[in-house]
Amino acid sequence: MANTKTSVSKQSSSSPDSGPDAYIQMYRKMAGIRLFEERVNDLYTRALMPGLAHLYIGEEAVAVGICSTLRSDDYITSTHRGHGHCLAKGAAPDRMFAELLGKEAGYCRGKGGSMHIADPDTGNLGANAIVGGSTGIATGAAFSAKRLGNGRVSVCFFGEGALGQGVLYESMNLAQLWKLPVIYVCENNTYNEYTHYSETTAGDVLGRPRAFGILAERVDGQDVRAVHAAAQRLVDRARAGEGPAFLLCDTYRYRGHHVGDVSREYYRSKQEEQKWMSERDPIGLFSDWLIAEHRATAAQLQSISAEIQSAMDAAVQFALSAPYPDPSEVQQDVYA
Amino acid sequence: MANTKTSVSKQSSSSPDSGPDAYIQMYRKMAGIRLFEERVNDLYTRALMPGLAHLYIGEEAVAVGICSTLRSDDYITSTHRGHGHCLAKGAAPDRMFAELLGKEAGYCRGKGGSMHIADPDTGNLGANAIVGGSTGIATGAAFSAKRLGNGRVSVCFFGEGALGQGVLYESMNLAQLWKLPVIYVCENNTYNEYTHYSETTAGDVLGRPRAFGILAERVDGQDVRAVHAAAQRLVDRARAGEGPAFLLCDTYRYRGHHVGDVSREYYRSKQEEQKWMSERDPIGLFSDWLIAEHRATAAQLQSISAEIQSAMDAAVQFALSAPYPDPSEVQQDVYA
Amino acid sequence: MSTPEMKSVMEPAAAQRELTLGEAIKEALAEEMRRDPRIVIMGEDVAEAGTVFKVLSGLSAEFGTDRVIDTPISEAGFTGLAIGAAMTGLRPVVDIMFGDFIALVMDQMANQAAKVHYMSGGKWKVPLVMRTTLGASRRSAAQHSQSLHAWFSHVPGLKVVLPSTPFDAKGLMKSAIRDDNPVIFFEDKMMYKLKGNVPAEDYAIPLGVADIKRSGDDITLVATSSMVQVALGAAKMLEDAGISAEVVDPRTTWPLDEETLVESVKKTSRAIVIDEGYARYGVTAELASVIAEGAFHYLDQPVKRIGAMHVPIPFSPPLEDVTVPTEQMVFEAARGMCRRS
Amino acid sequence: MSTPEMKSVMEPAAAQRELTLGEAIKEALAEEMRRDPRIVIMGEDVAEAGTVFKVLSGLSAEFGTDRVIDTPISEAGFTGLAIGAAMTGLRPVVDIMFGDFIALVMDQMANQAAKVHYMSGGKWKVPLVMRTTLGASRRSAAQHSQSLHAWFSHVPGLKVVLPSTPFDAKGLMKSAIRDDNPVIFFEDKMMYKLKGNVPAEDYAIPLGVADIKRSGDDITLVATSSMVQVALGAAKMLEDAGISAEVVDPRTTWPLDEETLVESVKKTSRAIVIDEGYARYGVTAELASVIAEGAFHYLDQPVKRIGAMHVPIPFSPPLEDVTVPTEQMVFEAARGMCRRS
Ligand SMILES: Cc1ncc(C[n+]2csc(CCOP(=O)(O)OP(=O)(O)O)c2C)c(N)n1
Ligand SMILES: Cc1ncc(C[n+]2csc(CCOP(=O)(O)OP(=O)(O)O)c2C)c(N)n1
Ligand SMILES: [Mg+2]
Ligand SMILES: [Mg+2]
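Going line by line, the protein sequences match chains A, B, C and D.
Per the numbering used here, the first sequence starts with residue 1, numbered consecutively.
Per the numbering used here, the second sequence starts with residue 1001, numbered consecutively.
Per the numbering used here, the third sequence starts with residue 2001, numbered consecutively.
Per the numbering used here, the fourth sequence starts with residue 3001, numbered consecutively.
Hints may be right or wrong, so weigh each one.
[To be verified] Pairs of lysine to any residue, SDA-like flavour, derived with a Cα cap of 25 Å:
| no. | chain 1 | residue 1 | chain 2 | residue 2 |
| --- | --- | --- | --- | --- |
| 1 | C | Lys2054 | A | Ala47 |
| 2 | B | Lys1275 | B | Asp1042 |
| 3 | C | Lys2193 | A | Val334 |
| 4 | D | Lys3174 | A | Val259 |
| 5 | A | Lys275 | A | Val259 |
| 6 | D | Lys3193 | B | Gly1260 |
| 7 | C | Lys2304 | D | Val3052 |
| 8 | C | Lys2267 | D | Phe3296 |
| 9 | B | Lys1270 | D | Phe3296 |
Calculated from the structure, these hints are not laboratory results.
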């Protein structure tokens, strides 16, 4: 049996790979996700988007901090709240929007929708609408990577609600037994739908991976540099064959569980929301830092946003005018 | 979230409830289980018993140490290796044998067999042939006990193989969140069937319940007094409303995974078996202690064994000559 | 719209009260919880949120969060817990948010709950109700759209209920709660807002009694859950085309009221079975087989089965729309059958 | 005993080699593993122990414990892992010791493996084989005796194989391994020692092609897995009674070779469907429906279904014995049907 590693080495939160360009790149991704999600909100409330939309707004630093340490052939699995992960891993907004609208040009030809974006070209094994449903899949991709010796790592994103699912523990046990290059990223945004996580989660979250001998760390999920630095260490370690890790990211979703969840007072206060948005906004914190450290000017950041806005305009336009798949496609791709 | 309690208070291994009579009673139970299982082995190898038989020989101190702290209306759930638990909780050998032979006089009218002995009169919720399958049930019985305020506790017996099943973690989380009077008793007999537990179990076993905030202790499962003392503390605590606990008992099964598992050299050595049997036999250790402490003489213990032997003769005879259920019973009791 | 036994409660003026199907279910639960303190509800977001479909809104306010209990996202764990609680003196109602998630509780339901009574020789009982959903058409994609009631219907020891109207929902829920066996209650997500007559008086509809939702002579439409509404819609279209359709709702797939199904088809000599689960190895296969066996010499053509198309449910609206049975489909199939012979 | 395509490999003298069904499965796995290094086997006690049924004995010695991998008792976990591995370049063969335990992997198989290809618009593939068992009669009681293949047969995206002879087992296993979809391979525990002809040459039997195991004119016995052996036994008894029975084995419940089933019944005009799963909402319902629909005008009486009795499988031998279909039962049913008309 492996030893339990519980120590967390405190390092500076800026990592060697993150030169000024890398930081701007991360900023661009975070702003891109934020603006993408704003458009989703808009499409949804204008009844142009079918189904459900779970927005990632407020949590951008997690996906970007992690994915900025990954190679494009590394794997991720994602969740019902998955747009941010997919974009951070390299998905193009136009095909994302197309998928969200059920169009043929979407990543899944419209068959998956918001909760099932998948894309082999960016190593995206798929968003998953079963809470905890992808923990085995992510672990299996790490198994392949190790077996095939291709040096890839696999990242399993999940909300803290997935801590309730037994398959997570089964997967972590396997990962540690077989020393697989998988990083379990727990996005603790404080709520399982409409229930505070403290009502569903006994004991100590980090103790859970640690009980299986898995190196586990906790990081401020609103600080993209901290997330990036922690992820870089864990990813490097996994790539070097040193086994799995678990990263707990404290974060917050600004909006409802899904777009339709508008009256939230019965489970959380407006003050709480306001506090996170005004004091802990990942994009605000990061842009303040970039400006204070003279890595960018406010004007530069604004022009990046403007650039993204017009790219989003075009992407939305692309998706809105793209055709639906022909109904005859419905029986295609049931079997390979 | 509840705090993680990790401290284990070291107490004397003799407990206040265990006067001389109580010890003799425990000895009687342990010898009873051993001799019961010898008869099962005999019946099985003489092809008089259908199905499979998983013997508890070598592990008697666990079931007896635990159940000797329970009230008759307390609950237990058991496993495929369940005869010892059922007997320790109060089942009568004659109806046990009858069940093992598929007779109408058996605890389940022959419908359950060796792996499904159940008996409301002794609080036995049932043995279970799904590894980990009863962790929820035991937790639910504790939920009822707390809700109904009847002061009962529930004990969930399982082998260390069940540490592989996610539902155990889901159950422990619920038990700690809701402070339920349930004791998880992990019988680590070193093997999951034909695989050493170290090949299937990453990290630290006690860390697992502790991660959920559950008080967890480890005890020598061959020392019935130690098991009894630890159980007494945990059961008292649960009964007092202080919540669940986990007791890891190190033990060993002397025989094969089931009676038919006779060539075991490929997964464990004869020396290993011999060592446990000669040095760590729970009945031998306990009788040595009883004699050394002048709580019983060798002659007294021998006469107890002789008594049990003739009771077993009668019980086996009862079962062998008992009738099978009428085939028309097959459609009874599908629905209540 | 009622079984013979139920007629009396349907007749009086009080019967004119209208509830939605969701309200009818909540009312059944509330009334039973007032009557029997052993009943507890547990599931994800059932308390203050009143479930994601808001079906249980207000129950936690009346009964407290000690009896309407939010759980972690641990379907297998809390189902197992509920089984143990049911064995030891409580009567839990377990909420599984989407029917697709029953895949996570198959061991607890099929290997444990369904078998406890039998394996113990009739000694332990599991009085448990599992409420869950079925039905597509909400653009929820493949993991939130399935109708998997065939799985449970296949397992002896379980009972499976599929209400199609608010009246039935309330009466069947009462029987489910009062039953001493594990009962799974499937609610079509698209029907929660459906309104119908629900008398204020206490009544229960026995499990295992089919209901003739509409009488007719030319063809029998056997339908379950929301497909009953589809069949009734098709029956109206057929009426305009001069065809008289009888709509029979088994209401429970197990126990199954074979006789009512078979007698109807003996009368009409034609049958279509409509169920929103996959037709392949699904509920339509059993119902069609029962009819084909029981009414063999009366049938003038094969029983037709209509179910979900045998594909994972796609997200894209124009694709999803062709996977589920519609009034038009049933109408055309029925008209074709009535013309042919 | 062979499909048309397979005839050639059956004819030569080499075909006289006999293997048990267990050996045939092992040989298929070993040959494919030699051919394709991407294949790995994982499951509980599959390595040195060679499974509890000893079916894989020796494979870990040849291929190493890196390719024949013992897992913890975590059916959902290692199935999920295998799905991810299948998506990313390996071809895992997963072993679920008893078919009853598939209840633990329904989410992984039905919500994940079955849907990945479709949900991703055809981009990701899941080339995975799940081997598991079915069948009662071993006095193993209710949680170790079920035949739950109907559950998987109901789920689009999965393929389901039920070999009935060593020859079929080897050829079907090869196709299952070479298939790019999740395939579940159900092996009857009671058939592992069954001997039969298995040619040494490489061959594969396509999935979705039924096999006429015996020709006859008076009645068609459609049977799956070990029930094929039961049907063949009954056919011999029937022959002595002057009745000529045709035995048709679909070999895969999905894809399903409807045509061969229907054509046989068109010829004989009588059919019995025999499957060891529960008849209710089970495989017999689908097969009977397909026949009743496809051969409606040829049938002179209803298709008869014979499956496990609708009860949890009891432990006690005299009880268990009456729950499973026997040669005698099939013989009597067939004789009754042939007399009646
Ligand atoms: C197995 C399962 N159970 C329940 C649900 C319904 N559900 C969807 S999201 C969600 C809450 C998830 O919370 P968390 O994991 O914290 O993710 P978040 O939404 O906060 O990002 C639930 C219960 C589901 N999709 N899958
Ligand atoms: C869910 C499940 N998977 C696999 C099995 C087959 N099986 C029966 S006993 C056993 C080993 C159990 O090991 P452990 O829990 O340590 O108990 P022990 O036999 O050592 O008492 C296995 C794998 C099972 N019964 N249930
Ligand atoms: Mg959350
Ligand atoms: Mg063990």
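Here is what the structure says about each hint:
1. This hinted pair checks out: C/Lys2054 and A/Ala47 have alpha carbons roughly 21 Å apart, not beyond 25 Å.
2. Among the hinted pairs, B/Lys1275 with B/Asp1042 is consistent with the structure: their alpha-carbon atoms are about 24 Å apart, no more than 25 Å.
3. Among the hinted pairs, C/Lys2193 with A/Val334 is inconsistent with the structure: their alpha-carbon atoms are about 33 Å apart, more than 25 Å.
4. For a cut-off of 25 Å, the pair hint linking D/Lys3174 to A/Val259 is broken: about 48 Å separates their Cα positions.
5. Distance check on the hinted pair: A/Lys275 and A/Val259 sit about 20 Å apart at the alpha-carbon level, within 25 Å; holds.
6. Distance restraint check for D/Lys3193 and B/Gly1260: the Cα-Cα separation of roughly 17 Å lies within the 25 Å cut-off, and the hinted pair is therefore satisfied.
7. Between C/Lys2304 and D/Val3052, the direct Cα distance comes to roughly 45 Å. Violation of the 25 Å bound is thereby established for this hinted pair.
8. Note on C/Lys2267 and D/Phe3296: the hinted pairing holds, with a Cα-Cα distance of about 19 Å set against a maximum of 25 Å.
9. For the suggested pair B/Lys1270 and D/Phe3296, the alpha carbons sit about 66 Å apart, so the restraint of at most 25 Å is broken.
In summary, the numbered hints that this structure violates are 3, 4, 7, 9.
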